[in-house]
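Below, each chain spelled out in residue letters.
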Amino acid sequence: MSVRLQGVSKVFEDPSRPGGQLRAVDRVDLEVKEGEFVTFLGPSGCGKTTTLRIVSGFEAPTEGEVYIAGKRVNDIPPNKRDTSMVFQSYAIFPHMSVEQNVGFGLELKGRPKAEARDETRKIMEVMGLSSMAKRRPDQLSGGQQQRVALARAIVNKPSVLLFDEPLSNLDAKLRDQMRLEIRRIQQRFGITSIYVTHDQIEAMTVSDRILVMYEGKVMQLGTPFEIYSRPAKRFVADFIGRVNFFEAEGAAFDGEGVRARYRGAELRAASRNADCKEGEAVTIAVRPESLRLSPASAGEAGLLRGSIDKAVYLGAVVEYEIDAGLGRPIMAVSHDPVVTGFFKAGDAVSVSFPPEAAHAMAPEAPAEGA
Amino acid sequence: MPRTRLAGSLGELKRLARDPLLAAVVAAVLAALAVFIVYPLVSVALAALRPQGRWTLGVFKEIFSNAYLRQGFWNSLMMGGLTAVIGTAIGFLFAFAQTRADVPLKRLLHAVAIIPIVSPPFIGALAIIMLFGNNGLITWNLLRIQNFPIYGFRGLMIAQAITFFPVAYLTLRGVLESINPTLEDAAMDLGGSRLKVFMRVTLPLALPGIASSMLVLFIETLADFGNPLILAGSRFPILSVQAYLQITGMYDLPKGAALSLLLLAPSITAWVVQKYWVSRKRYVTITGKPTTSTVKIVSPGARVAVFVACLAVTAVIALIYVSIIWGAVVNVWGSDNTLTLRHFSYVFGVGFKAVRDTLVIAGLSTPVSGLLGMVIAFLVIRKAFPGRKFMEFTSMLSFAVPGTVIGIGYILAFNKPPLILTGTLLILLLNFIFRYVPVGIESGVAILRQIDPAIEEAAVDLGADAKTTFSRVTLPLIVPAYFSGLVFAFVRAMTAISAAIFLVSSRWNLMTVQIMAQVESGRLGAAAAFSVILVLIIFAAIFLIRTLLKLRYGRYGGSMLKF
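Protein chains in written order, with our numbering: chain G, 1 to 370; chain R, 1 to 563.
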């Protein structure tokens, strides 16, 4: 079922702040389509968990409307909402066995015992829990507890599945495995899902679309490609991965793309945001892996010349910081260094990039922490 | 700001309206607290400040112009202060021996420090009379001293220190256990001597716990009634006893009420300081992983000293219990040592009704009190509703209100319409339920803090309403704590005297009150036999609850009991 948020805000009283209030969620609009997997991504304290709890009903919005399957649910308490949540701490009932945990929701809904048992068993089978049905939660590993939490949520066939940072308590390897599994289960049952995380790789892996939040506000809603390669704001570009910004002038539109002057050279970007204005300044964002470095002596007409300030050899890649006299270093990454060769600190290089790798945005004050 | 706060409580009200059961429970609990805790206290205040329907401070002026009563006020404060210091010192000694000093016989020392808690609080006083009184075994039979001045300050001091140090022990053991020994190791590693590490690391970290323990002991000593009634004597007036005598001896209700209010003021002050100031200063160094220290900060010499001191206290306590048991089985204490069961047959003849009444009252009030405590703990910790602060404050208040005050309050409040309860079983039950509700609340709060709120949210998310969440998820998780709280509440109900002495009647009497009556009429053997039976019943009850918990909840349940 679809989920729609319309102008949703949440204000907490917080005497330590000027005005005594904290606007944790600030006029969020969102539509999650049926069967879609949307992730709320942002730094801690950005309001993503609060927004999720508004959907589940554990928090009431201060303003705005919440619709599930087209029905306004503002006044429906969490136990009457057709949503199931996977909690960050798993929240497995410690006094119940695995099977009892998974079947608890069906039992509460008053389903016939035999039917509930069959469905519980089926889900445990799918989740690989059948062999531990009688075990107590304290006899399970973290990954197994995670599976129980997920099985307990989906056995109810909820309209909406909610995930509150479900993988943050697992170690790295298990996390990689579980996020693929979550995506597989979600696809298999086709349940509309909302997922909260601060881990961008996790968000990129599981989501159809990502909602990037900062200070309670929506920064961008888009597919993983759009979020990474066509960021709507400087904050988004900076928060997801690493990025180089080039502040260029005299933008001229060129189909979908932009040409602009930068330090006497002409920069070209294949895409631009709608807020770019012709003839004015633009910010051009390029990811480090899209920059091309060549030895300055080769005479290639690069965009910029500089010298390698730092080279960090990581095996699969080499990361460079290049001093081109811009005040902040240019970041570049080159892959497969064994084959392509690499530079050492102090080498003079020229830097260029293909227009497809560049995206133009309207300039703005650098975001906090950028 | 005020507008948003108003909007906040409006929102709470709205949410409450959506859950009618929760709303009903909140309203019922608030009403009960108002009627059975606040109303009696207001009645005491009115009796003292408006004796003839007019506001006056006359009663207090009268009290303070009376040198004897004035002395009683200062004596009470002094006893409270001294017991706080001495009791905390002994408690710290035992706690330190358990957690740091690695002395032999740890289990025995633990038992010794626990036994006074599960005994009637005046057992020390009774034994001291038997040993040092006019026919005292030591003073008269051994030393041939007649009329040794044990009544008054000296005797009472010993009795109260013995009675209350276990409370300090339990508090301080918890505090010392929570101080990570690696901190002490680190200090030694930095070059500190053992004494220096103790003075600069261990002691400062334990200081909030020590302060808290002292304040609690001060409150309990101030409220203590049994020990002073037996031991204070006429030349060393104590406020709680004087208030009782004003009412039962002189029928002067206003003066009794005023005296009890004088008791209430320092007690509440100490409680507020403890609850809102000291308890927030606790240093929490719990990391989740228990760390064992290899380096001990106690030198061998210090260890011997701690052990010997603990043994000395143990000897005193052993002497007390041996005296009580011996007194119960010999014909005439001090002069005729032939063994006899006549005191027990006397108790079973004359006193059997009191034994039965006590069991009925404690048995009925304890589960209700425990359950009420759990419900209040759940509401206060987990729910938002208007009146939450009031509920938290009032329900814990009975901890700070001396029994004398609440006893007087009950006879004042429930001796007239709309609620006439004096002389009934109900008044005793209600008194016990609301008096010991903090015990249930405390253990409920402690365990609720350990249960991740997400577990309850998960149940709600799966479709459970407030009632189902509480009964299917919260309650099963807190049941072990509920029972261990229940044991404490039961012990307190079995050994209560200060409030109950105002409320007993010929129809409903209590063993503790009977024991007092036997002491007053000089029948020490009967008093001792009564005490032995009382302690045996308590031990049996603890054993029973413990066994049931073990059977029902396996190893987890049994270990919840701290005894």
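The hints are simulated quantities; they were obtained by calculation from the structure and are not laboratory data.
Quick caveat: nothing in here was measured; it's all calculated off a predicted structure.
All C-beta atoms in this analysis are idealised placements derived from N, C-alpha and C, irrespective of residue type, glycine included.
Errors might be hidden in some of the hints.
As a list, the in silico DSSO-like pairs of lysine-lysine whose alpha-carbon atoms are at most 30 Å apart [stated by the list, open to error]:
#, chain 1, residue 1, chain 2, residue 2
1, R, K467, G, K113
2, G, K233, G, K217
3, G, K109, R, K275
4, R, K467, G, K157
5, R, K61, G, K109
Facing chain G, a subset of chain R residues (Cβ under 7 Å, in silico) [unchecked claim]:
#, residue
6, P20
7, G152
8, R154
9, D252
10, V322
11, D336
12, P418
13, I455
14, V460
15, L475
16, P480
17, E520
18, G522
Hint by hint, here is what the structure shows:
1. R:K467 x G:K113: 21 Å, holds
2. G:K233 x G:K217: Roughly 12 Å separates the two Cα atoms, so the pair holds.
3. G:K109 x R:K275: 43 Å, violated
4. R:K467 x G:K157: 24 Å, holds
5. R:K61 x G:K109: 68 Å, violated
6. P20: 12 Å, violated
7. G152: 53 Å, violated
8. R154: 53 Å, violated
9. D252: Constraint on D252 of chain R not satisfied, violated at 49 Å.
10. V322: 45 Å, violated
11. D336: Interface hint status for D336 of chain R: violated (59 Å vs cutoff 7 Å).
12. P418: 38 Å, violated
13. I455: Since the shortest Cβ distance to chain G is 5 Å, the answer is holds.
14. V460: 5 Å, holds
15. L475: Violated, because the Cβ-Cβ distance from L475 of chain R to chain G comes to roughly 10 Å (cut-off 7 Å).
16. P480: 10 Å, violated
17. E520: Nearest chain G Cβ about 51 Å off; hint violated.
18. G522: 55 Å, violated
When each numbered hint is compared with the structure, violations occur for hints 3, 5, 6, 7, 8, 9, 10, 11, 12, 15, 16, 17, 18.
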